[in-house]
Amino acid sequence: MRIAETLNVGLDAVAFVDEDPFERAEVAHLLPEVLVLAVADLESALAAGGRFAAGPPTGEGRRRAAMYRDEERRRQAEAGFAGGRAAFLRWCAMRLEIGPAAAAELDRLVELGERTHRLNSTATRHGRDEVARWLAAGGLVRARLADRFGDSGLIGMVAVDRSAAADWEVELLAVSCRVDGRGVPAALLRWTMDAARAAGAAGLRARYRPNGRNVRLALLLRQLGFERAGTEAETVVFRRSLTGPLPAYPEWLEIAGG
Amino acid sequence: MSPADVRARLEPLLAAVLERDHGEVTAFPASLPLLAGGLGLDSLTGMRLLAAIDREFGVDVAADDLGLDCLETIDTLTRYLADRA
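So the protein lines, in turn, are chains A and B. Quick note on this note's numbering: the first sequence kicks off at 1 and runs consecutively. Quick note on this note's numbering: the second sequence kicks off at 1001 and runs consecutively.
Isolated chain A, as found in the complex:
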């Protein structure tokens, strides 16, 4: 279970391989979601595919094993770090590159929109067509994060409707839970505020639809000065004026791109 928590994956993504039938029986009993295999059966199980079927199609997906190792080193470094969370985050030397999404990133953007829950501003699942439409309209911004431990790849996205003259509207904000706690959603929103203001918008709106796990984003919007402007069915539309000072970027992030 500690392994599943450390890797931030579900128990159904874990296989337990052991030559001791007693150990296998115990794991099978305590953690029924875990796939339990004898060493002798491992090869045929791998050959059969099933749960071992080829991983996700994107570059980030393929590099996930390396990223999990980076994350484990990050965790260990933080556990041994004196001086608090903010000091640790500064020491990580995180560089967040924010900019318009490119067509080559479509697969990863679709994957991010579908797989995020806690840090996803909407309960709605946005399909490939809709993500492609945002991309074609030039309203899709993505963020890539790297630090002294490695490259986390494309870990955040904002889809913005820029069709209304007065206010821009965030239709989707999604950030990978692998980078939870590092200020990426706040940075993406700040970047979007700057872009909207530079384009002459008076305000930024953000659609928030609770999915039972994403209340953090509603809190974040409130923290960044957004207020409820209206409610449509299960969706709350937040709005923030772009006049006056904007909330600061998280101090530990170096922001690149424009």
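Certain hints may be false.
[Said to hold, decoys possible] Away from chain B, derived, C-beta distances all over 12 Å, residues of chain A: (1) Ile3; (2) Val17; (3) Ala45; (4) Trp91; (5) Ala93; (6) Glu111; (7) Thr124; (8) His126; (9) Glu130; (10) Ala132; (11) Ala146; (12) Asp161; (13) Arg209; (14) Leu220; (15) Glu234; (16) Phe238.
[Stated by the list, open to error] Calculated from the model, a selection of chain B residues having no Cβ within reach of chain A, i.e. all distances over 12 Å: (17) Gly1058; (18) Gly1067; (19) Glu1072.
[To be verified] Pairwise CB distance ranges (calculated): (20) A/Cys177 to B/Ala1016: 24 to 30 Å; (21) A/Arg95 to B/Ala1004: 47 to 53 Å; (22) B/Asp1060 to A/Arg75: 30 to 36 Å.
The hints are simulated quantities; they were obtained by calculation from the structure and are not laboratory data. Think of the CB as a built atom: it goes at the ideal place given N, C-alpha and C, for glycine as much as any other residue.
Please arrange chain B on chain A, whose structure you already have, making use of the hints.
The following block gives chain B in isolation, referenced to the frame of chain A:
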């Protein structure tokens, strides 16, 4: 529940999530904003506060007040809970 009772039970929760002394929280004016420019609750400490409120008052704010309007100030939160707890 009376607003005074709510405030008395809310203060220890605020003190815990904000890591402040109880006396300090007692002295906070009711009009103090909870989030931006006030007590400085952020999305993580805010989550802890909502969980603590659910345990203490049996009110699931996130499910009930989708726009989190009640988190404007100590006063709005106190009145919101007084109406429901």
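Verification of the supplied hints:
Every beta carbon of chain B lies more than 12 Å from that of isoleucine 3 of chain A, the smallest distance being close to 25 Å; the non-interface claim holds. The non-interface label for valine 17 of chain A is consistent with chain B: the shortest C-beta to C-beta separation is roughly 37 Å, beyond 12 Å. A cut-off of 12 Å between C-beta atoms confirms that alanine 45 of chain A is not in contact with chain B; the least separation is 40 Å. A cut-off of 12 Å between C-beta atoms confirms that tryptophan 91 of chain A is not in contact with chain B; the least separation is 20 Å.
The Cβ of alanine 93 of chain A lies farther than 12 Å from every Cβ of chain B, with a closest approach of about 22 Å, so its non-interface assignment holds. Glutamate 111 of chain A, annotated as away from the interface, keeps every beta carbon of chain B farther than 12 Å; the closest lies near 24 Å. Interface exclusion of threonine 124 of chain A from chain B stands, the closest Cβ pair being 15 Å apart, more than 12 Å. Annotated as non-interface, histidine 126 of chain A keeps its C-beta farther than 12 Å from every C-beta of chain B; the closest such distance is 20 Å.
Every C-beta of chain B lies more than 12 Å from that of glutamate 130 of chain A, the closest at about 23 Å, which supports listing it as non-interface. For alanine 132 of chain A, the requirement that its beta carbon stay farther than 12 Å from each beta carbon of chain B is met, with the minimum near 30 Å. The Cβ of alanine 146 of chain A sits about 23 Å from the closest Cβ of chain B, beyond the 12 Å cut-off, so the non-interface label holds. For aspartate 161 of chain A, the shortest C-beta to C-beta distance to chain B comes to about 20 Å, beyond the 12 Å cut-off, and the non-interface label holds.
Non-interface status of arginine 209 of chain A relative to chain B is broken: a Cβ of that chain comes within 12 Å, the nearest being about 9 Å off. The claim that leucine 220 of chain A lies off the interface is violated: its Cβ sits roughly 4 Å from the closest Cβ of chain B, which falls inside the 12 Å cut-off. With a minimum CB-CB distance of about 8 Å to chain B, glutamate 234 of chain A fails to clear the 12 Å threshold, and the non-interface call is violated. Under the 12 Å C-beta cut-off, the non-interface status given to phenylalanine 238 of chain A relative to chain B is violated; the minimum distance is some 7 Å.
Remark: the non-interface label on glycine 1058 of chain B is consistent with the geometry, its nearest Cβ contact in chain A lying 17 Å away (cut-off 12 Å). With a cut of 12 Å on Cβ distances, glycine 1067 of chain B falls inside the contact zone with chain A, its closest approach being about 3 Å. The beta carbon of glutamate 1072 of chain B is not kept farther than 12 Å from every beta carbon of chain A, the shortest such distance being approximately 8 Å. Taking the beta carbon of each, cysteine 177 of chain A and alanine 1016 of chain B are about 25 Å apart, inside 24 to 30 Å as hinted.
Arginine 95 of chain A and alanine 1004 of chain B have their C-beta atoms about 50 Å apart, which keeps the hinted 47 to 53 Å range intact. About 31 Å separates the C-beta atoms of aspartate 1060 of chain B and arginine 75 of chain A, a value consistent with the hinted range of 30 to 36 Å.
Taken one by one, the earlier hints fail for this structure at numbers 13, 14, 15, 16, 18 and 19, listed in ascending order.
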